[in-house]
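Below, each chain spelled out in residue letters.
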Amino acid sequence: MRPFRFVPDNTKIAFMKFARPGFYASVAAVVVSVALFFAVGLNYGIDFKGGTLIEIRTEQPADLNELRTTIGGLGLGGSELQEFGEPTDVLIRIETQEGGEEAQQNAIQTVKDALGPNVDYRRVEVVGPKVSGELARDGILAILMAFVAIMIYIWLRFEWQFAIGTVATLVHDVALTIGLFAILQLQFDLTIIAALLTIVGYSLNDTVVVFDRFRENLRKYKKMNFDDMVDMSLNQTLPRTLMTSISTLVALISLYVFGGEVLRGFTFAMIWGVVIGTYSSIFIGAPLLSLLGAYVDRAPTPGPGDNPQAEIAQP
Amino acid sequence: MLHFSKLKAFVIVGIVLMAGLMAMPNLLAEKSRESLSDFYLPSQALTLGLDLQGGSHILLEVDVPSLKDTLEKQLVGDVRLRLRDAKIRYANLKRTGNGASVTISEPARAEEGFTILQGLSQPLDTGLFGQGVQVQEFDVVRNGQNITLSFSDGGLQTRIGRAVQQSIEVLGVRINELGTTEPTIQQQGTDRILVQVPGLQDPARLKALLGQTALLQFRLLCDNQPQGAGGTVPLGCEELQDKETPGLLYWVQTSRSATVDGEDLNDAQTGFDQRTNEPVVNFRFNTGGAQRFCRLTQNNVGRPFAIVLDSEVISAPRINEQICGGSGQISGNFSTQEANDLAIVLRSGALPAKLTIVEERTVGPSLGSDSVEAGFAASIIGLIGVLIFMVISYGLFGLFAVAALVANLTMILGVLSFLGATLTLPGIAGIVLTMGMAVDANVLVFERIREEVANGRSPLNAIETGFRMALATILDANITTLIAAVILFGMGSGPVRGFAVTLGIGILATVFTAYTVTQLIISGWIKVRRPKVVPL
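Chains as they are written, first to last, in our numbering: chain A, 1 to 315; chain B, 1 to 536.
Rather than coming from a laboratory, the hints here were simulated on the basis of the structure.
In this text the structure is predicted, and so the values were computed from the model without any measurement.
Cβ coordinates follow ideal geometry from the N, Cα and C atoms, glycine included.
It is possible that some hints are incorrect.
Some but not every residue of chain B turned toward chain A, in silico, with C-beta under 7 Å [what the hints assert, rightly or not]: (1) Glu-72; (2) Gln-74; (3) Asp-264; (4) Leu-265; (5) Thr-356; (6) Ser-366; (7) Ile-483.
From chain A, some residues computed to sit far from chain B (all C-beta separations above 12 Å) [stated by the list, open to error]: (8) Phe-18; (9) Gly-41; (10) Arg-57; (11) Gly-78; (12) Ser-79; (13) Pro-87; (14) Ala-149; (15) Ile-183; (16) Leu-186; (17) Lys-222; (18) Phe-226; (19) Ala-251; (20) Tyr-256; (21) Leu-292.
Chain B extracted, bound-state conformation:
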């Protein structure tokens, strides 16, 4: 047991040294770190968690009612288009809250209409259980002349999944425009998106960018406009708020023919108005959008229209002449940053559905650096405390244990860096806790050796038996803590997960260092010193 073959000793020392190499980048400044990779050395350092470097963790959820609302609107439009193309007369086309329903006017053509509308329901790949599981997007049911299209469960889930994917892309574009380092955007669960942005001074701006659906519309105003609040909204009109002035209301036409959507935008940039020098947003339509906007302005010269963003009116200018160049300008008392952000969200495109913030955790840079200092201080002082305690209690062997502990910490840092793991404040707590518990394996072995010596064994025999007898106990004791760490990792989020990671890696490193490395050190010591007594 105490004899290590050269190869084995070499491997053990090699593993520790390798961990040391992997941990090394953490000690270097960022610049010298980069040069490490030139020498084929690991150059990855630990990433500090948001709680240590400051930053925002924001969990967004796709607002399913708003998504359904959009989908229903689309569906009604599609039904209208299909039936009109087939020249089938219909009545009572309406939204049902879970789809749409329509009545075919001529009973004889009901079956034909049914077949056409069935064509609307595309088979969707759910992406569940690998490939190939398909669901119909809608359940289409005919009851005489009545045809109902309702979202199927699987269809809606797939749509939510797609909305999440689309939103992630859109958010990616928006956040990149902020110019922060290494933001992460990832899906969580079925309908959530986790956004983590380190080192941001102003989370309010980030949240504004994330929360905006950014659906831009150009819509004609109705002929009558509200005189104060409380008027009855005319048929075919909708009451919208002014974005700037609370209480200022507009009546805006709802018909599709009076609307041009901003999704046909090609580009949006900040600029300044030549006369007033106010910040404005210049935009350009794509070809289809340009044509529609041209037609709308041509037919309505002299009438006011509203620029609507997310159901709020930004401004309501008069159409002075037809605009067919495909470009335009939005002005609305913006500050430069507001204009900038509006350009960003218009460029990135609209979100497929509203996103709501369901969880936010923002740590300011001052608290982050305080936590790093505190964590560092606690680690060093804890290490010194354990060192003193071990040396007092076990003398030379205690020193060996501390050497193993240092190897242990090196391994934890090395593995964490190699995995590109994130170090959080609870993660540091996990490391400090590991320091306290790591010597447990040594204590087990040392106490056992003492017992065996008391039982009359020779020093060598006692040491060997001590290591052998303690192994099963060490494994049992550590596996149980490992179980707790794994479960914590499974359920935990963010910082708590960081704790589970360091605790888990700490346990694995402990079993290796506190047992094997200590054993190697002691066997080396025996070879050199040939002790007559065990110094315990």
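Next comes chain A alone, as it looks inside the complex:
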């Protein structure tokens, strides 16, 4: 069987030509995301905001309006109801109750009493005010730690210009994901932090592969124009970048469609992250490197030549 090429061979796309507008567009998108984060804010789940989440299954398709009236009339403060996957499944969220940890437990009982016995409680989660504060702090800490650890690793393996390029792509990816969650007002909970960290890992994977090739070419072709070399490296790694993204997306889409409602937020963030991560390694990492390129030390040992075709002559 002849393999089918999803990505044509020997592409000669002048990425650096698009790099400048792409870079500006990205910077604008990051600024908008940050603005959205502060102006609109995220729709935090109970992990970070505290409160109670109850997933119920009713025997008949649930009447959301009726349920809303019932729950709203219990005097438990702000509550939100939404259909969850099936018409019989409803997700109820109740805000943190005044009166400390015990008040949260009483709230569950109040809801259970009001809904009666013919309801299947599929999930009950209560996060008290103390724990939610800690989870939020730990989440932010984890992302910062990941940034620092990765920066150190890249700095050890490459040169500092690469480390800056990498972290810029990571900031970009995380910012845009947060921005998307702010626009769509999707629930932002612990699994999204997990998704963010995985996106960071994935996007980095892409960036590192491109940088690796870049470093290799840097040693081979000492006199080549920097931008041309970035273009060449990007074109050489393009098939791999896209192939891996496609196969990861195949797995993720399967998870999104068949993996159940509970994982959907996480998978959605991951799918977005893979797309953004692929884009950013091409349009953020590489151009930034080209910008900082003047400072890269080219190895003093002579390379095999500056003509890419010269490689053929090697045994």
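With chain A's structure known, arrange chain B on it following the hints.
Below, chain B without anything else, positioned relative to chain A:
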């Protein structure tokens, strides 16, 4: 590079087969699983997380104010006892909110009293930094005739630690009585306890058992009883609520001599009242408790007393005769289960302090099994999707990559089972994600081989160079994701941690299978087929 010595090939295949053996128990029913160990085969299967099998995850926190309250009460009692034993007169013995203070009546004996009270402060082993770091439980300060005992920071921390340990034991007894399978109770941080109970139908009952301090007391009622609400509580009395009837109040004596504590109980069992046939709890005192209860009832025949559980009055019967047999009965309109649970908490003993639920996550069995099905479906369909994609893109080599991927999944399952790890829903997501990303190493190698072929290398040379050149990149790319997984594991709790574990193990397995195993397969293929062209 492409030549594998027999030994090396043997080791690689051996590792994969061993992982297969370790993963095998997951495919078998529980019964046949047990027989595996008879053949010296690994028999441990993956444990499903609470989100997959249903169950409750409850995080409890020792209520420090309530612990301090108990400790202060004890301290005041101890000070009184020591000074009385030494026949030192004192006044103004009171709680300070962080200990106790007392005034020695005769200035001449203040120093003696100070020395005696210093004896109360035991050196505690903090258990920090290994052994041997000791702190004084109290700071004892004398100011003229005034002596103040206040908890030291280290002393209080150690006490909290002990309370956590004690609570874990007590909770262990209580939860075991519920008869559920494999509950786990462990300390978390300095002042928290994580309780995980799988497959429970009614978390409300579990929570009731966990939350009860279960301090049982027998206390005499005061002579005057409240007429409705709003009366002034008489001196030496305390106002307590009835457990059943809201608004029904009792005035109960506070003095130690009018109280017998339930911590002197030997046993508690459910029974039925012979006359009314109502469920009751029968209990037996130990010797000390029996004596005290005998004395209390002897001196107060005809007067009512209250059975108090956690500051609520269960019932207030009249003492008809002295009770010196050491056993008694508590009745109070219980249902059978209530009586049962009361017996359980009395048997397990009281908690040293109140525990509050700071986090709860309960998944019902229906959602759990739905999630297992969904996760399984997503994994299979994802695997098929990746398989089709790889075979279309890389033909025969794609098939090799998929073989390596199957070995990869086997290894992930094998290692997870061997470690006795818990599989959670996010953990399944981690596995599916690994499937997508695992072929990355193959893609890197294959694309590199294609490039080398395009550069004019011979098939063998191109394959060898492709593997060699891609290795550094594969390592770099995977280490970075591993960093993310490690950090996620460090900060994560519960399900998210499960994701970090499968992601991390997945990455390690990926580097081994996608690189080494694929290489072995391809080298075998080269030996057999002696290809003139690379089929990429």
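Hints and how they fare:
1. With 7 Å as the threshold, the beta carbon of Glu-72 of chain B stays out of range of chain A, its nearest partner Cβ sitting at about 21 Å, so the hint is violated.
2. With a cut of 7 Å, the hint placing Gln-74 of chain B at the interface with chain A is violated, because the nearest CB-to-CB distance is about 25 Å.
3. Here the hint on Asp-264 of chain B is broken, as its CB sits about 29 Å from the closest CB of chain A, past 7 Å.
4. At a threshold of 7 Å, the smallest CB-CB gap from Leu-265 of chain B to chain A is about 27 Å, leaving the interface hint violated.
5. Checking Thr-356 of chain B against chain A: minimum C-beta separation of about 4 Å stays under 7 Å; hint holds.
6. With 7 Å as the threshold, the beta carbon of Ser-366 of chain B comes within range of chain A, its nearest partner Cβ sitting at about 6 Å, so the hint holds.
7. Here the hint on Ile-483 of chain B is kept, as its CB sits about 5 Å from the closest CB of chain A, short of 7 Å.
8. Residue-level check passed: Phe-18 of chain A sits 23 Å from the nearest beta carbon of chain B, beyond 12 Å.
9. Non-interface call for Gly-41 of chain A relative to chain B: holds, since the shortest CB-CB distance, roughly 23 Å, exceeds 12 Å.
10. Some Cβ of chain B comes within 12 Å of the Cβ of Arg-57 of chain A; the nearest lies about 7 Å off, and the non-interface call is violated.
11. Against chain B, the non-interface label of Gly-78 of chain A holds: every CB pair exceeds 12 Å, the least being about 20 Å.
12. With a cut of 12 Å on Cβ distances, Ser-79 of chain A stays outside the contact zone with chain B, its closest approach being about 18 Å.
13. Look at Pro-87 of chain A: its CB is around 15 Å from the nearest CB on chain B, clear of 12 Å, so calling it non-interface holds up.
14. Distance check for Ala-149 of chain A against chain B: the nearest CB is about 5 Å away, which does not clear 12 Å, and the non-interface claim fails.
15. Every beta carbon of chain B lies more than 12 Å from that of Ile-183 of chain A, the smallest distance being close to 24 Å; the non-interface claim holds.
16. Every CB of chain B is more than 12 Å from the CB of Leu-186 of chain A (nearest about 17 Å), matching its label as outside the interface.
17. A cut-off of 12 Å between C-beta atoms confirms that Lys-222 of chain A is not in contact with chain B; the least separation is 19 Å.
18. Every beta carbon of chain B lies more than 12 Å from that of Phe-226 of chain A, the smallest distance being close to 21 Å; the non-interface claim holds.
19. Its closest Cβ contact with chain B, about 3 Å, brings Ala-251 of chain A to no more than 12 Å, contrary to its assignment away from the interface.
20. At roughly 8 Å, the least C-beta separation between Tyr-256 of chain A and chain B is not larger than 12 Å, which violates its mark as non-interface.
21. Consistency note on Leu-292 of chain A: stated as away from chain B, and its beta-carbon is indeed over 12 Å from all of that chain's, at 19 Å minimum.
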